[in-house]
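Assemble the whole structure, with the sequences as input and the hints as a guide.
So the chains spell out like this:
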Amino acid sequence: MRGLHAASPALLWLLPFVVVFAAFQLAPLAWVAISAFRVDDGWGLGHFREIVTSPFFRQAIGRSLEISLVSSLLGLTIAALTCHSLAHTRGPLRRWMVAFTNMTSNFAGVPLAFAFIILMGTNGVLTLALQRLGIIEDFNLYSKTGLIVIYTWFQIPLGVLLLFPALAGLRTEWQEAASLLGAGRLAYWRHIGLPVLWPALLGTLTILIANAMGAYATVYALVNTSYNLMTIRIANLVSGDLFLQPNLASALALILVLLLAMVTLIQQWLLRRSYHVAER
Amino acid sequence: MSQSADTVTMASGPSSTARPRWRFDPHRLVVLGVFTILALPLVVTLGYALAGHWGASLLPDSLTLKWFVELWATPRFQAAFVRSLLVAVGALALSLVLILPVAFLAQTRYPRLDGWMNGLILMPFAVPPVVSSVGLLQLYAGGPLPLVGTPWILIPTYFTIVLPFMYRAIANSLRSIDVASLMDAARLLGAGPLQAFFLVVLPNIRVGVQIAIFLSFSFLVGEFVFANLLVGTRFETLQVYLNNMRGASGHFTSALVITLFAFTLVLTWLGNRQSGQDLAKESAS
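Protein chains in written order, with the numbering used here: chain A, 1 to 280; chain B, 1001 to 1285.
Just so you know, the hints here were simulated from the structure itself, not pulled from any lab data. Careful: at least some of the hints might be erroneous.
Here are the simulated lysine to any residue pairs, SDA-like style, with alpha carbons at most 25 Å apart [stated by the list, open to error]: (1) A/K144 - B/A1039; (2) A/K144 - B/P1203; (3) A/K144 - B/L1040.
What follows is the structure, given as structure tokens:
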């Protein structure tokens, strides 16, 4: 602002930040992007071909996508219902619940896995109780269903925290005005409620999916490497005991990043199609 | 937090005397139902940590604190605790030194820098830790900077994951004190830029920075992926210790889970209390 000679020494203060950020955030990603194309005898798409043709890696990608999508949709639905009810709840209960979801959103990763082993593991408290009541035969926490249950559990608090501002912003006057004009509850949600919430719902869903796709600590603590997911495979290729294949890990990691980017692009595309946003 | 909570309770006091609120209300039922679902793993783990023995019955047979005493007396746990603290303190110190000047310059001299930073800080969200680890493991396993396997790799890596949060918190507090006018005033009074930064700006954003530190601290103590993949058992932090205790008694690991959770709760509570006091101060002035 005051001429360049005054500005340049100040810019030196940015240098340490730029160096560390480049070395520990940009460089690792760049290494992944480059080495994914590095094969024994030069460059090529060999690793991607191996991943796409291998049933094992295809299964990992499929399961990651399936568990993420299902748990995100379940989490989003439960979170939306909770927020809707919270917006209609007065008094201390609402304040407690918001504080409590904040609290539980800190409960993730390895501790969460251990808590679920105590609760729903083979000899878990809930498993035994439900077996005794004859409600279930047995429950396998270390299966797809089990993982979806855990994932959904950690998606709920995040969904509530992200959605609550939007749902609390729905004004009761709008519903009153709509019903004065003859709209039923269904028509209100169809034409007013959901269109207003649509961007928030889509945005939250995107974050939940990304959160689930990248999740590693919980599954690793639960099943070590015996359940086939993308993050588990990537980590195992660079830190397993034998057969380290960093370049193959890079290719799989790049696919994960691209899938996350695709989810964001789809969200943007859906958002642009919705008339509520397009009007502006 | 407790102060503001009291005032809210008092404000809602008169209306809560209305009776019909306690009749059947589907919204209350939904909230309580979800509350139960979210509370269940925590409550059961707490119960397990406090139970002398919990066999095939619905409730534990006896209550005891012996698991907590045993855990806290374990040298391996104490060492892991100290290591987690050291890494988190180191990472936060580095983050402050690196981020403060950038946030300050973005809010004073180079407004366009703020836009750039808002883009940059999205990166840690787009790149999961597992992906970063693949690159970090190769780049720093040997060569000029052989950091893998030592705690030194965690400090700059943790800087990258607290960056979004720290930058926003610091930038917001700088904006809320109108730092550009403050710097102008300091210059008019004869202070150099560095003097103004340390004597005028820093004391004014202290509370905002403290909140960011407490919340980042609890986040870092809970970090597992980088700690396990980049360093592992060679420098066992709390989360890695917990993971390695897989074979131990369920009561013992429950006591550990509860201890860790209580620790993060205290940290977030300290952070929120700060923000509560900050708000109270602002509304008073």
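Do the hints match the structure? See the list:
For a cut-off of 25 Å, the pair hint linking A/K144 to B/A1039 stands: about 23 Å separates their Cα positions. Of the pairs offered as hints, the one joining A/K144 and B/P1203 is violated, with about 52 Å between alpha carbons and a cut-off of 25 Å exceeded. Restraint check for A/K144 and B/L1040: satisfied, since their Cα atoms lie roughly 21 Å apart, inside the 25 Å limit.
When each numbered hint is compared with the structure, a violation occurs for hint 2 only.
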